[in-house]
Amino acid sequence: MSRMSLIDSLRVLHDVRKGHHVVVSTMGPAREWMKLGSHSLDFIYAPSAMGEAPSLALGMSLAQPAKHVIVLNGDGCMLMNLGCLVTITAAAPVNYTLIVFDNSVYEVTGGQSTAAAPHARPPGSSVDFCQIARGSGFASVWEFTRLDDWRKHVAEVLAVRGPRVVVLKVEPVSGGAVPRSPAPPVERAQHFAAALQRP
Amino acid sequence: MFSGEQIVKELSEMGITHVVWLPDSTLGQWELALQAAGGHGIKLVRVCREGEAWAIAMGLELGGARPLVMIQCTGLFDSGDSLRNALYDYGVPLFAVIGYRNALNPAADDSARTFTEPNLRSWNIDYRLIDAPEKLPELKAHYAACRQARVPGAVLVAEGKM
Numbered sequence: 003m004s005r006m007s008l009i010d011s012l013r014v015l016h017d018v019r020k021g022h023h024v025v026v027s028t029m030g031p032a033r034e035w036m037k038l039g040s041h042s043l044d045f046i047y048a049p050s051a052m053g054e055a056p057s058l059a060l061g062m063s064l065a066q067p068a069k070h071v072i073v074l075n076g077d078g079c080m081l082m083n084l085g086c087l088v089t090i091t092a093a094a095p096v097n098y099t100l101i102v103f104d105n106s107v108y109e110v111t112g113g114q115s116t117a118a119a120p121h122a123r124p125p126g127s128s129v130d131f132c133q134i135a136r137g138s139g140f141a142s143v144w145e146f147t148r149l150d151d152w153r154k155h156v157a158e159v160l161a162v163r164g165p166r167v168v169v170l171k172v173e174p175v176s177g178g179a180v181p182r183s184p185a186p187p188v189e190r191a192q193h194f195a196a197a198l199q200r201p
Numbered sequence: 016m017f018s019g020e021q022i023v024k025e026l027s028e029m030g031i032t033h034v035v036w037l038p039d040s041t042l043g044q045w046e047l048a049l050q051a052a053g054g055h056g057i058k059l060v061r062v063c064r065e066g067e068a069w070a071i072a073m074g075l076e077l078g079g080a081r082p083l084v085m086i087q088c089t090g091l092f093d094s095g096d097s098l099r100n101a102l103y104d105y106g107v108p109l110f111a112v113i114g115y116r117n118a119l120n121p122a123a124d125d126s127a128r129t130f131t132e133p134n135l136r137s138w139n140i141d142y143r144l145i146d147a148p149e150k151l152p153e154l155k156a157h158y159a160a161c162r163q164a165r166v167p168g169a170v171l172v173a174e175g176k177m
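Chains A and B are the protein sequences, given in the same order.
Residue numbers 3 to 201, in this note's numbering, belong to the letters of the first sequence in order.
Residue numbers 16 to 177, in this note's numbering, belong to the letters of the second sequence in order.
Derived from the structure by calculation, the hints contain no laboratory data.
Hints are not guaranteed to be accurate.
Between beta-carbon pairs, the in silico distance windows are [unchecked claim]:
(1) A:Thr-111 <-> B:Ser-40: 33 to 41 Å
(2) B:Gly-79 <-> A:Arg-182: 24 to 32 Å
(3) A:Val-162 <-> B:Thr-129: 44 to 52 Å
(4) A:Arg-148 <-> B:Ala-156: 54 to 62 Å
(5) B:Ser-18 <-> A:Ser-7: 52 to 60 Å
Covered, in the sense of this in silico footprint (three residues per stretch, anywhere, with C-beta under 8 Å from a C-beta of chain A), are these stretches of chain B [to be verified]:
(6) 79-85
(7) 93-99
(8) 103-117
All C-beta atoms, glycine included, are put in the ideal place defined by N, C-alpha and C.
Turn these sequences into a full structure, and let the hints guide you.
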């Protein structure tokens, strides 16, 4: 089954975004999310410490329980910090959604396979992010491969009690580069903090 | 060297809202007190690996909370990229309490002790060493100074023989 395009999958989220949604994005998803416009509650996590976006977003969700923090993570990033899934469910923030964009490659370094990529593993051995999430204590877990299904269910997904994990199977972006900070990072962090703390 | 109740009292007076921690055998003795510190407005956030702690603390700080990272020095070694990003890419002045393994055991053959202070210096983190009970007030004083200057900071809590 063919996967959805990254930018289309992001448009679906963009179309249902609400005023209290905080969006933390990193790597490929950050690069493409920026193309859809900017928002005071967007935190483009570039430069990043690869793997730490879900943890960063967890801190925001604990500090601001009235806001809904949505983190757009890559599968390579996810693999780098699987323990954070257990940390997140221990803290149990109801206002937290982790979306993993699974393209099976390290896109920004040229498309090398991750260790979880089906074609880079022995036959019969597969990695299932949804099962990992469930085994880490997430009760709300979804996976979508088709854009229409994602579009049909996105509002429902964001409405159920969190924390939630969504795995979206996406195509790699050919030539997808490392996202660049849209402004000096320290300045951006200060402006974002002011917006995040605004009631 | 200190009881959990003593530490909670200090953290409460510092205005700490969240302790983001992964304990060692010394810091771990404070667990019950930290767990029960909700009445002081302090929440305990348990992480699985220390690098997470800095990113969570950064998110808390951006959200208006007053987090403190509490880990062992071995976890500091594991934290490199995460603390680099939070402290220097984004200029978030986080503060940590770090257990200093075998600091009070001069005979211990432990490379963790060898590299702890050089590691903090290499990250340009201003730190104080608490190696005697009467030095506990340095925690609050150093935290206040770092907040005032908006710079990252740490205290090393010496571990080993009392």
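Okay, the hints, checked on the actual structure:
One distance hint, 33 to 41 Å for the beta-carbon pair Thr-111 (chain A) and Ser-40 (chain B), holds here, with the actual separation near 39 Å. About 28 Å separates the C-beta atoms of Gly-79 (chain B) and Arg-182 (chain A), a value consistent with the hinted range of 24 to 32 Å. For Val-162 (chain A) paired with Thr-129 (chain B), a C-beta distance near 50 Å keeps the hint of 44 to 52 Å intact. At roughly 59 Å, the beta-carbon separation of Arg-148 (chain A) and Ala-156 (chain B) lies within the given 54 to 62 Å, and the hint holds.
At roughly 57 Å, the beta carbons of Ser-18 (chain B) and Ser-7 (chain A) sit within the given window of 52 to 60 Å. Interface restraint, the region 79-85 of chain B with chain A: holds (3 residues with C-beta to C-beta distance below 8 Å; minimum three). Remark: the region 93-99 of chain B is confirmed as covered by chain A, as 3 of its residues place a Cβ nearer than 8 Å to a Cβ of that chain, reaching the required three. Here's how the region 103-117 of chain B fares: 4 of its residues keep a CB closer than 8 Å to some CB of chain A, so the rule of at least three is met and the hint holds.
Violated hints: none; the structure is consistent with every hint.
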